[in-house]
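Protein chains: 2
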Amino acid sequence: MKKELNPNWDTSTHPALFPSIRVRRTPFSSRNEEFGVTAYTVYNHMLIPRVFRSLKEDYEHLKSAVQLWDVSCERQIELVGPDALRLLQLTTPRDMSRMADDQCFYIPVVDEKGRMLNDPVVIKRGHQRYWVSIADMDMLLYYRGLATGFQLEVDVFEADVYPLAVQGPRADELVSRVFGAELASVKFFRYRTVTFQGKEMVVAKSGASHQGGFEFYVEGEDACIPLWDTLFEAGQDLDVYAGCPSDIERIEAGFLSYGSDITLENTPFEVGLGNFCELETSKDCLAHSALVAQQNPTRQIRYFEIDGEPLPPADYRWPIESPDGTEAGFISSASWSPDFGFNVAIGMVTEPFLINGGEIFVQTPLGKAAARMREKAWI
Amino acid sequence: MKKELNPNWDTSTHPALFPSIRVRRTPFSSRNEEFGVTAYTVYNHMLIPRVFRSLKEDYEHLKSAVQLWDVSCERQIELVGPDALRLLQLTTPRDMSRMADDQCFYIPVVDEKGRMLNDPVVIKRGHQRYWVSIADMDMLLYYRGLATGFQLEVDVFEADVYPLAVQGPRADELVSRVFGAELASVKFFRYRTVTFQGKEMVVAKSGASHQGGFEFYVEGEDACIPLWDTLFEAGQDLDVYAGCPSDIERIEAGFLSYGSDITLENTPFEVGLGNFCELETSKDCLAHSALVAQQNPTRQIRYFEIDGEPLPPADYRWPIESPDGTEAGFISSASWSPDFGFNVAIGMVTEPFLINGGEIFVQTPLGKAAARMREKAWI
Numbered sequence: 262m263k264k265e266l267n268p269n270w271d272t273s274t275h276p277a278l279f280p281s282i283r284v285r286r287t288p289f290s291s292r293n294e295e296f297g298v299t300a301y302t303v304y305n306h307m308l309i310p311r312v313f314r315s316l317k318e319d320y321e322h323l324k325s326a327v328q329l330w331d332v333s334c335e336r337q338i339e340l341v342g343p344d345a346l347r348l349l350q351l352t353t354p355r356d357m358s359r360m361a362d363d364q365c366f367y368i369p370v371v372d373e374k375g376r377m378l379n380d381p382v383v384i385k386r387g388h389q390r391y392w393v394s395i396a397d398m399d400m401l402l403y404y405r406g407l408a409t410g411f412q413l414e415v416d417v418f419e420a421d422v423y424p425l426a427v428q429g430p431r432a433d434e435l436v437s438r439v440f441g442a443e444l445a446s447v448k449f450f451r452y453r454t455v456t457f458q459g460k461e462m463v464v465a466k467s468g469a470s471h472q473g474g475f476e477f478y479v480e481g482e483d484a485c486i487p488l489w490d491t492l493f494e495a496g497q498d499l500d501v502y503a504g505c506p507s508d509i510e511r512i513e514a515g516f517l518s519y520g521s522d523i524t525l526e527n528t529p530f531e532v533g534l535g536n537f538c539e540l541e542t543s544k545d546c547l548a549h550s551a552l553v554a555q556q557n558p559t560r561q562i563r564y565f566e567i568d569g570e571p572l573p574p575a576d577y578r579w580p581i582e583s584p585d586g587t588e589a590g591f592i593s594s595a596s597w598s599p600d601f602g603f604n605v606a607i608g609m610v611t612e613p614f615l616i617n618g619g620e621i622f623v624q625t626p627l628g629k630a631a632a633r634m635r636e637k638a639w640i
Numbered sequence: 262m263k264k265e266l267n268p269n270w271d272t273s274t275h276p277a278l279f280p281s282i283r284v285r286r287t288p289f290s291s292r293n294e295e296f297g298v299t300a301y302t303v304y305n306h307m308l309i310p311r312v313f314r315s316l317k318e319d320y321e322h323l324k325s326a327v328q329l330w331d332v333s334c335e336r337q338i339e340l341v342g343p344d345a346l347r348l349l350q351l352t353t354p355r356d357m358s359r360m361a362d363d364q365c366f367y368i369p370v371v372d373e374k375g376r377m378l379n380d381p382v383v384i385k386r387g388h389q390r391y392w393v394s395i396a397d398m399d400m401l402l403y404y405r406g407l408a409t410g411f412q413l414e415v416d417v418f419e420a421d422v423y424p425l426a427v428q429g430p431r432a433d434e435l436v437s438r439v440f441g442a443e444l445a446s447v448k449f450f451r452y453r454t455v456t457f458q459g460k461e462m463v464v465a466k467s468g469a470s471h472q473g474g475f476e477f478y479v480e481g482e483d484a485c486i487p488l489w490d491t492l493f494e495a496g497q498d499l500d501v502y503a504g505c506p507s508d509i510e511r512i513e514a515g516f517l518s519y520g521s522d523i524t525l526e527n528t529p530f531e532v533g534l535g536n537f538c539e540l541e542t543s544k545d546c547l548a549h550s551a552l553v554a555q556q557n558p559t560r561q562i563r564y565f566e567i568d569g570e571p572l573p574p575a576d577y578r579w580p581i582e583s584p585d586g587t588e589a590g591f592i593s594s595a596s597w598s599p600d601f602g603f604n605v606a607i608g609m610v611t612e613p614f615l616i617n618g619g620e621i622f623v624q625t626p627l628g629k630a631a632a633r634m635r636e637k638a639w640i
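As you go down the protein sequences, you meet chains A and B in turn.
Under my numbering, the first residue of the first sequence carries the number 262, and numbering increases by one thereafter.
Under my numbering, the first residue of the second sequence carries the number 262, and numbering increases by one thereafter.
Keep in mind that a hint or two might mislead.
Because identical chains cannot be distinguished in the list, a pair is counted as satisfied if it fits within a single copy or across any two copies.
Below, a list of computed lysine to any residue pairs in the SDA-like style, where the Cα atoms sit at most 20 Å apart [as the list claims (entries may be wrong)]:
id : residue 1 : residue 2
1  : Lys317    : Glu443
2  : Lys637    : Ile616
3  : Lys374    : Gly342
4  : Lys637    : Thr611
By construction, these hints were calculated from the structure, which means they are not laboratory data.
Start from the sequences, fold in the hints, and give me the full structure.
In structure tokens form, the structure reads like this:
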């Protein structure tokens, strides 16, 4: 089978995802299928849609209307008990004592050597009770292993929560219609609770797009389809439709993806998370001394405009080369950007090639292409 | 989109698996694509083929010829250091001191409450050095968490190993041709090393089929394609072809799949692994006292013949009911068996419905169907 090079990624020519119980469906899967999902991926052992109408159409719709995203795969690892906060602080250099009660805290999670295990968002659900909204790794096992080894008083389990994101420029209008304008006015990365069908539900101003929006942390399966249908019906004239995180828009906005742009090999400093390493006030973090020594990384995340024709989504690391052909790093995410008219990409670049604006080359599936490196993303 | 009910599972009507770097390709992926893989799944963040020609054709070929399986996704977690054996024994009730140097040890891995985290095969690679061939969970994180908490002297990392399985009734003949008859005579669940392209390679008599065969633990990417091509060329007249674990044959043989038939909710006793709980001699296992209390489970794995027309692969738990409609458990794997002419399935049944041979009912995607429960699988 020839590798597909159509940047709009024609799903009909690609291998299917085989069904199994191990790859869990979500309470929203039936709606995804009714709205015509054409590609899935697997994240935290669970389905998440990747394409509905086409990469380009989904992207344009996200930037102009409002979408409902089944992000159930953002599993919530609940830490509850007298040592919940201590367990969190053992694994992150961010100072957890500074977290406000209504705050969504993005944190690097590292092992004792400062290696990135995850980059979740944490929500404080109550006294000695946290939800860790994990990227694609079984953090439950790390927390359980550590809790057992240190004999901590904390329960660690996957909570029965299925996040539904509402994303796009019309997200404010849509949630205002259903839950009132007060919810729309919540500040970025803060949350509040709303009542739906008689039950409390956490709603955060957050989400994996730069278009604005909300994440509804739906507890229990029963409320999932009613919430989807309520939002869908309320947004008919807003052109609401099913959607999913767009790799194009994500790369344009410079959001890193754990497993692609960040891996177990990295320190927080290499992946631009140095600002979250509050080394003066997080001395309980097991990696504290390792992180102190890692503050001047010899490789770092950069952004790239890659010349030439539209490239397909990256499914392996494309080598980056200096003008004289020396290996200089690799691309970890890439997409054709319809809005910018060039290929946008994220990659890891090693010293001494970390010169922004300098020309560099990428070995793409379509051949060697010139690229320009930059420190910031595009939107 | 209507759910597909064709038991032969026509891949063309199913959502594709979207490409990403996070879902890792393997050194064999290009060969899988050349041989026409039509469905993938994701296992340990890595691709594994699920269908080549069709479910039925792949199954019949596995039972009559010999297949090359890219099971790179059986990631090897290497434990190396003075406390490697201690770390293993903390997490399993199987007595690791009884493991012979050339043995493949199938072990339940449990947390301190006796909950199943994994069911890997362990190979001793040398003094204080083990490979844990994991099922689909990030066991690296559990081992690291525990090692850090207990301050063990052990390194835990994912080894650069890509298993290739050779499975089918003609596997002995194929490996004999390439590596000599001595390799074919290795006993079941034992291994030896062979030399390929000047490098040592572990080869075990093992694999996720009942048809006999081998697993080659290829170290480093470079040897992968040469090994595949060597085996393929040597087996032309044996009808060697690309293949993958067959759910049909796996269920017929009663092999459980972690994530479907075994989950974090289960104890070893519930999933038929009581024989591997050597509680007299594995007192260092953290779950020892929990397991002592769990020896009489109130639910257990059983096998089922489900009546009626061919059923599609299960992608959610199908409820099991007693004749009077009482909830009695759920199906965790199912497939139409072309050889037996009925649907074969695995499921979890609760007391007091654990009466083998008794009639029971299953709520399938095609409606309620009568089923017969049995204690053993079919082949």
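Now for the hints, and whether the structure bears them out:
no.: 1; hint: Lys317 - Glu443; in the structure: neither (33 Å within a copy, 57 Å between copies)
no.: 2; hint: Lys637 - Ile616; in the structure: within (13 Å within a copy, 65 Å between copies)
no.: 3; hint: Lys374 - Gly342; in the structure: between (26 Å within a copy, 17 Å between copies)
no.: 4; hint: Lys637 - Thr611; in the structure: within (17 Å within a copy, 57 Å between copies)
Taken one by one, the earlier hints fail for this structure only at number 1.
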